[in-house]
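Asker: According to mature numbering (1 follows the signal peptide of the UniProt record, and there is no 0), the sequence shown holds residues -20 to -1, 1 to 323 in order.
Derived from the structure by calculation, the hints contain no laboratory data.
Just so we're clear, the structure is a prediction, and the values are computed from it rather than from any experiment.
Be aware that one or more of the hints could be misleading.
What the hints assert, rightly or not - Between beta-carbon pairs, the in silico distance windows are:
1. ASP143 <-> ASN301: 12 to 22 Å
2. GLY185 <-> SER284: 43 to 53 Å
3. ASP251 <-> GLN319: 51 to 61 Å
To be verified - Listed next, the in silico BS3-like pairs over lysine-lysine satisfying Cα-Cα at most 27 Å (straight line):
4. LYS314 <-> LYS259
5. LYS312 <-> LYS69
6. LYS236 <-> LYS115
7. LYS44 <-> LYS314
We put the beta carbon where it would ideally sit given N, CA and C, even for glycine.
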Amino acid sequence: MKFKRIGALLLTLSIGGTLIGCGGSSNNSSDNAGTAQEAKNSGKVVVYTAGPDGLAQNIADAFKEETGIEMEIFQGTTGKILAKLEAEKSNPIADVVVLASWPAAVGMKNDGWTLAYEDAKNADKLYDGWVDADKHIFGYSGSAVGIVYNTNLVKNPGQDWNDYLSADYKDSLNLPDPSSSGSAMDLISGYMESFGEDGWKYFEGLKGNGAVVAGANKEALEPVITGAKKAVIGGVDYMAYSSKAKGEPIDIIYPKSGTVVNPRTVSILKDAPNMENAKKAVDFFLSDTAQKLVDEAYIIPGRSDIKSETRANLEDIKLLNYDLNTMGENEKDKISKFQQIFN
């Protein structure tokens, strides 16, 4: 089987690169996880997970403390995880996959890679639409995109997308690259679903105002932190909250016309060598303990009964008009159009 939806991106980009992932640095701790049989006998669960830095390890440590089962992790971007799974399909190692993109998880499900888990604990407490009807995909957390700005340079930030087309922001804006940032790709998809083909006029306007594409999310944010740029259009919110908490001159606004919130997903792989431990892992991702760790990482808890104490909650963020289950269609065409505008 192939990743039909992801295949278009794999043709566009290097298989080892950050294709559509959001956040997280590569940690090859499970590259030597061994064969599927070794994993089966190990008493572990192998989880391939997309960032952010620190959260995966904190969840793994808490899972071991609570269950006695070691959670072995490979951490990378969503794109690197998908490529690794594809390369290992004849000799499966991973049990559970955590992605930073709901559309990517839908693609995996549609291509037959994931397994239903009807009895997942606390799945009924997830936000509406954050678990699929067949119980393959569980949105255990979520992140939004907005406009992340330098508070030393911007005293009265614009409150909507179009405000950043003004001369005040000439040559001072960054955008993440949708070919290396899943959140940027999702913003483009959500924006286009909301405004149709006319939505491209906004990105053409940004280009005309001197906005530049500056790599993945961290690369786009860094010049704003240092003051080389004023703002990131489509910055990931948890990175903004984290930077602000560290004392950086950073803040975020969510545009008043709406934005995109993408659930970060956890799923069991159909050929998981450690199936029972995989189910325990999914239960743990949806547990009170893991949800509190999610909040501490400045990410939206997936359960609607657990409110964040560190950031805006889902109900505080106005959404654009999009469908998570269809917004991932025709991504290759969208990337091509975006590159035509900015190249």
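Asker: Are the hints correct? Go through all of them and say.
Answerer: Against the structure, the hints:
Judged by the Cβ atoms, the range 12 to 22 Å given for ASP143 and ASN301 holds: they are separated by roughly 20 Å. For the hinted restraint 43 to 53 Å between GLY185 and SER284, the CB-CB distance of approximately 36 Å leaves it violated. Separation of ASP251 from GLN319 is about 36 Å and departs from the stated range, judged on CB atoms against 51 to 61 Å. The hinted pair formed by LYS314 and LYS259 fails the criterion: a straight-line CA distance of about 36 Å is larger than 27 Å.
With a C-alpha separation of about 24 Å, the suggested pairing of LYS312 with LYS69 holds against the 27 Å cut-off. Taken as a hint, the LYS236 and LYS115 pair is broken in the structure, with Cα atoms around 33 Å apart against an allowance of 27 Å. Pair hint LYS44 plus LYS314 does not hold up; C-alpha atoms about 42 Å apart against a cutoff of 27 Å.
Comparing the model with each numbered hint stated earlier shows that hints 2, 3, 4, 6, 7 do not hold.
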